[in-house]
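Novice: Position chain P relative to chain B; hints supplied.
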Amino acid sequence: MRSIGVILAVALSALFGCVSNEPDTALSLKIAVNDIYCTDTACFCVHDIAARRYEQTLERIKTETGIDLQFTYFPEPYQLEEAILSGTYDGVLSKPWTALRLQKQAGASFQRIVDVLDPNNNRWLTGIVIVPTDSPIQSYQELTGKHIYLGEPDAYEKHFSAKRLFTQKGINPATIDTNASCSENIGVLLDGKADAAVVSDYALSADCAVDFANPDDFRTLARTERIPLTSLMLDMNKHSASDAQLLRQCLLELSGDQAPEALLSSGFVEPTPWNPSELEALP
Amino acid sequence: MNKRCTALIAALTFCGLSCFSEYKVAGQLGKGHLGTISQLAIAANDTLCVLEINGKITRFKADGAVSDTIDTGMKNTSAIAVASDGNIHVFSTVTEMKKVKSGARMREIHVPVGVEHGVFNGAGKKLGMTRLENLKSAKAAKIISNKLVIADLTARALVFMDLESGKEITRIDKGLRLCCGIFDFCEAPDDTVAVSNLGAFKVQRYDMDGKLVMEFGKRGRGLDDFQGCCNPVSAAYLVDGSILTVEKDPTRIKVYDSKGSKAVQIEGVEELVKGCSFIPTTVDSKGNIYLAANPKGYVVKCAQ
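Protein chains in written order, with my numbering: chain B, 5 to 287; chain P, 2 to 305.
Since the hints were made in silico from the structure, they are not lab data.
There could be a bad hint or two in this list.
What the hints assert, rightly or not - To give a feel for the contact side, a few chain P residues facing chain B, derived at Cβ under 7 Å:
no., residue
1, ALA44
2, ARG178
3, CYS180
4, CYS181
5, ALA201
6, ARG222
7, GLY223
8, CYS230
9, CYS231
10, LYS275
11, GLY276
12, CYS277
13, ALA304
Heads up, the beta-carbon is just placed ideally off N, CA and C, and yes, glycines get one too.
Here chain B stands alone, though its shape is the one from the complex:
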């Protein structure tokens, strides 16, 4: 029964293809991947939690629907960015901001097809404002006049979301600095070089910082807005709405109870709406 929807979608896609004179070929998509929880893209020191593998999922999709998803794994975010800008991929599986902020430069138009659930079946990403556990700062209201480290603009949750949080809460830090990594931001707190830092909410569980920072050594004062953690996106300048619908249908069918074990979660969900205003200002 679960495949009826996909079969119907394939049939509709074929019909649409005939009507529009598009080639009647199986869908084959090259996807650039950087996933926090995937073994092929995560750092070795978090492989116990970042144990997700996609091979089983790709095989089932190909067998059951004929859609050939070809994943190329990029452990480094900058490698993923180069891949996106190369224009040689049909889609991206990553933090949405990584792809969306580059789409104009890449000549792409990414549509989020599905969101990918993490091993706790969580779909959200936030930034957390942390201080050392023994810090005299007890609440976010006390951050005014303090020295705070954020992430850089390529990390939405610990840069733009953090600045928005400060504005909304009326927080006016005396000094704001940035570091490119959560590890460095945690480091400046451990070294006593800043009062607070904003890091991704997975930094103390699924990032290199797990090797040198104990979560109990930090308190979270505030959390930024929720944004989608990981999405599979398709370049709509290369593919039709029917392709997008077919892919979405296929991935959703392979979720919940039907999700392959190696995904370590319930798989994929409909994408939650997210339209960051900063996109308009990008070149």
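Specialist: Chain P only, in chain B's frame:
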């Protein structure tokens, strides 16, 4: 040729010179003969000592030919240092099996519990074997001014000891952001050591009292920056005081000036390792650079 073209060519030439080092890949050593390489060291006459995890030391002459091999009889050998008297000091990490819970699964892991210290003369004869009770593991070792310096990953400390008595003098255990099971350091000018503090994306230089005297580096995509989840994994001082840094996958080998700026990359070095893996590194008196490729089992030489 007009002035604009001349200026453009000059600018491009300058850019080319400033982006890439004069170092070139000069060959591979030990291909087909080496297993998992733990560490490298340089002995007299620029002899390269390659320590494998199985206790074997292979010595290469300066021309790249194999000189001889030493079977230390030790297991899990993880660090090597050569003293000024020519003696070779080898360190093995002693482990115990322990069951731990990982999620819903139970698994067995090797827990480091101590360090064996073997000393061999230049001919490879064993001179002694002791247990260093104050250490849990040894990932790197150097002998500097009659002090034995050991990188103890388990204790997350750089430990300074008297070479003769083995008595601990001091240890650096603050500010080390070690990850991926990697902890390396090198000898630096003026009786100092430089730690590859990869989780902090820095090279940090300490004096023999454990005082920080210089540091550089941050995460980023520029040539002066360190990339990846954590880097650099290794560093070495060259003869002229410039600083070699080694980044893992994707492999990037760079030479900074003595202040840790103006990095230039060595062209043509292959991907030495896959993922978060250590790249053992050493430099001889002529400035030749040796980089171990694990698990490929050979050493890449770079020369000017």
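Novice: Take the hints in turn and mark each one as holding or not.
Specialist: Tested hints:
Because the beta carbon of ALA44/P sits about 32 Å from the nearest beta carbon in chain B, more than 7 Å, this interface hint is broken. Look at ARG178/P: its Cβ gets to within about 5 Å of chain B, closer than 7 Å, so that hint holds up. Interface restraint check for CYS180/P: the shortest CB-CB distance to chain B comes to about 4 Å, inside 7 Å, so the restraint holds. Restraint check, CYS181/P versus chain B: the minimum CB separation of about 5 Å is within 7 Å; hint holds.
Checking ALA201/P against chain B by beta carbon gives a least distance of about 5 Å; that is within 7 Å, so the hint holds. Below 7 Å, beta-carbon pairs count as interface contacts, and ARG222/P has one with chain B at about 5 Å; its hint therefore holds. The closest approach between the C-beta of GLY223/P and any C-beta of chain B is roughly 10 Å, which is over the 7 Å cut-off, so the hint fails. Contact between CYS230/P and chain B, as hinted, is supported at the beta carbon level, the nearest pair being about 4 Å apart and thus within 7 Å.
Proximity of CYS231/P to chain B holds as hinted, the smallest CB-CB distance being about 5 Å (cut-off 7 Å). Because the smallest distance between the Cβ of LYS275/P and any Cβ of chain B comes to about 10 Å, over 7 Å, the interface hint for this residue is violated. Because the beta carbon of GLY276/P sits about 6 Å from the nearest beta carbon in chain B, less than 7 Å, this interface hint is met. Given the 7 Å rule on beta carbons, the hint for CYS277/P holds: about 4 Å separates it from the nearest Cβ of chain B.
Using the Cβ-Cβ criterion of 7 Å, the hint placing ALA304/P at the interface with chain B is not satisfied: the shortest such distance is roughly 29 Å.
In summary, the numbered hints that this structure violates are 1, 7, 10 and 13.
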